[in-house]
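Q: Input sequences plus hints: build the corresponding full structure.
Residue numbers (the working numbering), protein chains in the order written: chain A, 14 to 654; chain B, 545 to 646; chain C, 7 to 175; chain D, 56 to 549.
Keep in mind the hints are simulated off the structure, nothing from the lab. It is possible that part of the hints are untrue.
Claimed, not checked - Below 30 Å or equal to it, Euclidean Cα-Cα: the simulated BS3-like pairs (lysine-lysine) are: (1) 490(D) to 180(A); (2) 587(A) to 603(A); (3) 131(A) to 423(D); (4) 603(A) to 490(D); (5) 588(A) to 490(D); (6) 423(D) to 587(A); (7) 490(D) to 128(A); (8) 490(D) to 131(A); (9) 490(D) to 37(A); (10) 603(A) to 214(D); (11) 423(D) to 128(A); (12) 180(A) to 423(D); (13) 423(D) to 181(A); (14) 181(A) to 490(D); (15) 423(D) to 41(A); (16) 423(D) to 37(A); (17) 490(D) to 587(A).
These figures come from a predicted structure and were not determined experimentally.
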Amino acid sequence: MEHTIFILALPLLSFLILALAGMKLPHKVAGTIGTLSLATVTVLAYVTAAQYFGAGRGADGLFPTLVPYNFTWLPLTESLQIEMGIMLDPISVMMLMVISTVSLMVHIYSFGYMKGEKGFQRYYAFLSLFTFSMLGLVVATNIFQMYIFWELVGVSSYLLIGFYYTKKAAIAASKKAFIVTRFADLFFLVGILFYGYYAGTFSFEPDVRLLFSAGIVIPVALGLMFIGGAGKSAMFPLHIWLPDAMEGPTPVSALIHAATMVVAGVYLVARMFPIFIEFAPQVLHIIAYVGAFTALYAAVVACAQTDIKRVLAFSTISQIAFMMVALGVCTSDDPHAGGLGYMASMFHLFTHAMFKGLLFLGAGAIIHAVHSNERDCMGGLRKYMPVTHITFLIACLAIAGIFPFSGFFSKDEILTACYSYAPMMEVFMSGVAGLTAFYMFRLYFLIFWGKSYYESQLALFEKGRIEKKPHTPHEAPAAMLIPMVILAAISCLAGFIPFGEFITANGEAYEIHLNTGVAISSTLLAIIGIATATIMYMKGQNKVTLTMKVRSKKFIQAAYHRFYMDELWLFVTKKVIFRGISRPIAWFDKHAIDAFMDLLGSATQTFARQIRTFQSGNIQSYCIWFLHGVMILALILIFLV
Amino acid sequence: MIPAEYYLVLAALLFFIGVFGFFTRRNLLGVLISTELVLNAVDINFAVFNAYYFPEHLEGFFFTMFAIGIAASETAVAIAIILNVYRNMRTIRLKELKKLKF
Amino acid sequence: MELNTLTIIFIGLSLLMVAAALLAVTTRNIMRATTYLLFVLFGTAGLYFILHYTFLGAVQVTVYAGGIIVLFVFAALLIGKGTRDLTHTSILRYTAGFTAAITGLALTVYLIFTHQFPEVQHPVSVVPMKLIGHTMMGVEKYNFVLPFEVVSVLLLACMVGALLIARKR
Amino acid sequence: MNILNLFIVIPLIMLLALWASRNLRQTRSVMVVGSSLLLLLAIYLTTDFIAQRGAGADAEFLYAASWQWYAPMNICYSIGVDGISVAMILLSAIIVFTGTFASWRLQPMTKEFFLWYVLLSLGVFGFFISTDLFTMFMFYETALIPMYLLIGVWGSGRKEYSAMKLTLMLMGGSAFLLMGILGIYFGSGATTMNIMEIAALANIPVNVQYIFFPIIFLGFGVLGALFPFHTWSPDGHASAPTSVSMLHAGVLMKLGGYGCFRVAMYLLPQAANDLAWIFIILTTISVVYGALSAISQTDLKYINAYSSVSHCGLVLFALLMMTRTSCTGAILQMLSHGLMTALFFALIGMIYGRTHTRDIHELSGLMKIMPFLSVGYIIAGLANLGLPGFSGFVAEMTIFVGSFEQPDIFHRTVTIIACTSIVITAVYILRVVGKILYGECRNEHHLALSDATWDERFTVICLIICVAGLGIAPMWVSNLIDGGVGNIFTILHP
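A: Below, the structure is given as structure tokens:
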């Protein structure tokens with residue numbers, strides 16, 4: 014497994030080349046460097062996976078945890094040290110595949126999407142940086158390495174969201190994304206510090222006795238770490254950065270904000286899962302409730318969005334919440350007895366990465382075609398973009414959980430896991446799944462069906478109402494279509510991967526079997542959702558939709574504004590922190606502390622000016638003072654001494 | 545025989561009247577006049593101490609004499625300065641003489 | 007203390023001197039102040055006579071009353087009319103000076119009456135001129151030839167200095 | 056010839072040569088040759104020091120030497136270095152070197168400027184190599200005084216006010232310091248001024264320690280921008296010319312932390328243990344307070360100055376946590392902050408030199424106009440907010456992990472409070488980056504501005520390499536300083 018080092022080294026190398034010399038390279042060369050290195054990484058990742066899983070299980074029936082590289086990067090205390098290395102176990106190998114696949118797709122796709130953009134080389138440099146950091150994150154041998162790459166991932170996300178750095182919204186979004194996740198990372202860091210102190214190590218396999226003796230601190234530490242994960246994975250109420258992050262180029266949204274980085278939180282919880290389940294099952298359940306609420310919240314909000322990327326963003330939030338729920342409902346690490354969620358979560362992570370990546374790439378193709386994010390500018394596109402249409406439909410079916418697309422299988426496992434934890438949870442999550450189907454198909458119909466915006470514009474143009482001839486939507490170039498088709502194929506087929514064979518909570522093989530009741534009920538709900546969407550949106554705005562809109566105007570308004578969460582955060586940051594704390598502190602510094610120092614200065618000066626008049630050169634006053642002094646001295650000497 | 549204390553009290557009175565004048569005068573000549581009073585009072589004391597307590601030697605006597613001499617020279621110089629100041633500044637009021645101040 | 011001629015003269019002189027001194031420091035007119043100073047100086051000469059220091063009295067009259075006052079008068083006359091009037095001082099300065107003077111006076115008087123002076127030895131009579139001459143020019147202990155010379159040099163220096171300062175340039 | 060003496064001799068020769076130089080060319084060549092020599096010397100010293108330690112030289116101070124110059128009080132010119140001072144000397148040499156290039160085009164009176172500049176660096180080097188309290192103090196003063204002229208003459212804005220304020224406050228600090236030094240001298244029996252000997256005697260009575268520990272700590276703390284004695288820093292930095300800001304924030308503020316460690320804590324360990332909590336509270340306030348007030352500043356240099364308050368607060372904070380790791384972290388933070396702030400001030404100076412404003416409301420879209428400087432600024436910003444791969448991260452993490460070694464509730468709480476600064480730092484850095492670099496340029500006068508010249512590029516690249524080098528390979532630095540920290544640590548925890 015020595016070649017794994019190249020999985021990390023190549024993207025880093027290509028980042029360095031592109032960052033240092035990129036501006037001088039032609040676009041094509043820069044893109045090729047990035048893509049080639051990523052292709053090699055992908056091949057290596059698959060080779061690694063083949064070797065790893067091909068080697069089979071060890072004597073104990075588990076896949077071994079391999080650590081081909083590990084060295085001490087920075088010794089801190091006698092016991093604690095930051096190590097850097099590569100660790101291979103089932104989930105990290107799976108993540109390697111996911112990341113390299115999606116990343117490669119995005120690299121290829123970007124050739125078409127970003128063609129001719131200014132800063133093309135920079136874009137590829139950042140992509141390489143991101144891929145490097147994300148890969149480093151998943152193969153981390155210890156929590157601190159994870160944190161380091163976690164930060165790097167955050168910064169590459171920041172750079173990529175702010176890629177269009179002349180756009181105001183992009184600047185604000187990138188800043189917001191970084192600061193919100195940084196805020197969450199603070200908790201992550203504190204959690205790590207607690208964990209490190211009590212476990213005596215940063216590694217994922219601490220001395221259990223030490224953890225037992227630490228008592229309540231470990232659940233607290235794990236909870237804090239989860240907050241960090243919630244920040245990256247956009248759990249309520251730290252989700253606010255993700256919709257705004259859609260200001261970045263769409264392929265970036267596909268890679269970072271749909272497939273890979275945002276699931277880092279899930280990955281973190283999965284990574285720490287043995288410790289969670291052993292020492293803090295209650296924290297896991299809190300995670301489940303947070304996840305369930307987030308799933309519902311995001312699904313509802315997604316129904317009311319008009320910007321197609323925002324819809325996808327909220328759908329991402331909702332789907333990640335599904336994964337969190339799946340992890341949270343685990344009650345043991347045995348997949349047969351309450352530990353199914355772990356596998357389900359990882360499975361969903363895998364399938365979701367594919368179909369959500371596909372959705373974003375499709376959205377990118379559409380945006381590329383109509384030059385807008387707003388669904389009002391779309392409609393009736395199926396004629397113009399057949400391939401995009403088909404792949405998008407596949408992705409929608411997958412996310413809605415329709416047999417035999419991959420989403421069906423993974424979502425079904427999640428719901429089964431929920432059911433084994435609490436039937437109510439299952440009902441609730443199935444409802445959210447139905448809602449998912451609804452809003453995805455709403456989106457689908459609004460884009461591809463209904464009245465064509467282009468045609469209506471064209472009609473207006475011909476009548477002479479508008480001056481500019483509207484831009485004809487066109488199918489995307491091959492560089493964009495190929496990745497979409499590949500991902501669509503994976504989305505179709507991934508469900509049949511015997512996932513339980515490879516990844517389970519305790520490492521033992523688990524054969525996925527469908528829980529028929531759950532499967533049927535969830536499929537039914539999904540179909541209901543799709544049907545509703547079909548009725549409401551297939552033929553454009555019809556009566557039902559309009560009455561619904563009028564009836565629940567307030568609610569829709571609130572959902573459109575994401576239930577005013579952004580306004581709340583804005584209030585907290587702008588009004589409370591900036592105006593309420595920072596300004597007063599700056600004022601206090603200037604007018605109290607600094608003024609006090611100035612006062613010392615001016616008091617000295619004033620005093621000096623006052624006593625200067627004593628030194629007036631006027632002998633008479635000298636004498637008066639002298640005589641008074643003499644008198645006082647004389648009186649003292651005569652009467653007191 | 546007049547008691548020595550009478551002379552001393554008189555001298556003290558003169559002395560402090562001189563001091564008072566020295567403080568309150570606003571004019572160089574006035575200040576100088578007050579100084580003369582002070583000197584005078586001291587002269588009286590010298591003479592009285594000599595005459596009453598140590599008549600065998602003439603120390604007080606001579607001190608007074610020298611003091612008178614010195615007072616004379618001092619006054620001469622002082623008045624010369626005052627005249628000079630007046631010639632340059634056209635005033636001898638203390639308030640207005642502040643060219644050397646600060 | 008019996009009330010004899012000498013005493014009466016002393017009291018008269020004292021009253022004159024104190025009154026003249028007070029006027030000398032308070033009057034506004036510089037010429038008057040000089041005149042009052044003259045009275046004080048004459049009074050002092052009188053005191054010297056009472057003490058039988060006739061030579062001293064004579065010196066006082068000639069040098070002080072004769073010389074110095076003349077200088078004052080000349081100065082007062084040379085300096086223009088405008089500056090001759092003495093202006094008021096500030097009330098603060100006035101009180102400060104007054105309290106200082108009064109306190110000092112009180113303290114001094116207190117000391118005079120509480121201090122143990124040595125036994126009073128009655129003076130013989132008028133100091134003979136011969137003795138004065140010897141003492142002034144003598145070189146033994148309690149003789150003053152050196153201070154005499156110093157004073158004479160000083161006087162010379164003052165004379166030259168005063169001329170130098172006051173001469174027109 | 057003791058190699059350490061060269062750190063005094065070279066600046067002295069440079070002073071003479073500068074004095075004799077006739078024109079700008081000669082002045083510049085003297086500076087380049089001299090500062091390169093210093094840098095090479097510092098690098099040689101570092102490698103040689105590591106080699107000697109590797110060869111088993113385990114004396115507390117290497118290259119130790121001593122010449123008495125004032126017998127009645129037993130004041131010696133004693134020199135010697137341990138790992139910490141070697142690291143500091145290296146830092147100073149780097150900053151002096153890059154600062155020379157940062158003020159390459161400084162006008163007018165270039166020669167005079169460099170004269171004072173070299174005198175300042177002489178003081179800094181002298182301070183770091185001395186092991187005699189009084190000699191140390193003397194060099195300390197030598198380093199402070201030129202600052203007044205450098206800011207007062209070559210500064211900008213309210214320079215006279217700032218220079219006066221800075222000098223007075225720092226002088227106030229050194230008054231405390233002198234008091235403290237005399238306290239230590241007499242407390243330890245008035246036999247020696249040598250730090251090592253005093254530490255070996257370890258005979259300063261506890262009640263004396265209680266008096267002089269706060270005094271010395273405050274004295275050095277003023278220079279280390281300890282709340283509430285930090286207000287000289289914003290005004291001073293804002294008015295100072297570029298290279299002076301660099302040297303001041305980069306090196307001079309480190310004198311404070313170094314002094315606190317080497318003098319206050321090393322010589323008065325008992326009081327340091329007992330009274331640390333007072334200063335921990337103050338430094339925690341510094342950390343958070345500096346960061347928070349940086350958020351609402353509008354002048355680039357003010358932002359950076361407050362950020363320095365926050366970061367230097369973290370240095371003192373870590374020292375007072377008094378675990379071995381946190382102390383190592385403190386030294387790392389000194390190095391890291393020195394390099395990062397120098398980089399920051401250099402970039403701000405370059406931007407200011409072009410746009411003639413530092414108000415973030417008047418700057419925008421610089422990325423398009425001066426890409427090199429903007430990228431440098433972003434890198435500096437990211438390093439400042441503790442991005443892994445740059446020095447800030449290493450230092451901060453070492454500090455936080457080290458501070459967590461103190462398990463009681465008080466230390467835990469303040470550590471967590473101090474941790475929040477990493478978020479606040481992100482806020483003010485990104486705010487500035489978003490405001491001045493991104494977006495469209497709104498001021499058409501700025502459109503014609505040029506990007507960095509070769510000397511500026513050289514400065515920036517040198518510093519970025521140092522920052523990244525320290526961030527990527529922190530091992531050797533932490534090895535270098537570990538020995539020195541260990542010695543002091545043993546005294547603190549007998």
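Q: Is residue 490(D) within 30 Å of residue 587(A), Cα to Cα?
A: holds, 16 Å
Q: For the pair supplied as a hint, residue 603(A) and residue 490(D), is the alpha-carbon distance within the 30 Å limit?
A: Within the cut-off at roughly 23 Å; holds.
Q: CA of residue 603(A) to CA of residue 214(D), is that 30 Å or under?
A: Answer holds: residue 603(A) to residue 214(D) is near 17 Å, not above 30 Å.
Q: Checking one constraint from the list: CA of residue 587(A) to CA of residue 603(A), max 30 Å. Satisfied?
A: The hint holds at about 21 Å.
Q: Between residue 588(A) and residue 490(D), is the straight-line Cα distance small enough, at 30 Å or below?
A: Distance ~19 Å between residue 588(A) and residue 490(D) Cα, so the pair holds.
Q: Holds or violated: residue 490(D) with residue 180(A), Cα cutoff 30 Å?
A: holds, 12 Å
Q: Quickly compare the C-alpha distance for residue 490(D) and residue 37(A) to 30 Å and report which way the hint goes.
A: Holds, at roughly 27 Å.
Q: Just to be careful, I want the Cα atoms of residue 181(A) and residue 490(D) compared with a cutoff of 30 Å; is the pair within it?
A: Cα-Cα ~10 Å, so holds.
Q: With the threshold set at 30 Å, check whether the alpha-carbon distance from residue 423(D) to residue 37(A) stays at or below it.
A: holds, 16 Å
Q: Take the C-alpha atoms of residue 180(A) and residue 423(D), compute the straight-line distance between them, and say whether it is at most 30 Å.
A: holds, 13 Å
Q: Verify the proposed pairing of residue 490(D) with residue 128(A), using a straight-line Cα cut of 30 Å.
A: holds, 28 Å
Q: Has the given pair, residue 423(D) with residue 128(A), been kept, meaning a C-alpha gap of at most 30 Å?
A: Holds. Residue 423(D) to residue 128(A) sits at ~20 Å (cutoff 30 Å).
Consistency note: the structure conflicts with none of the earlier hints.
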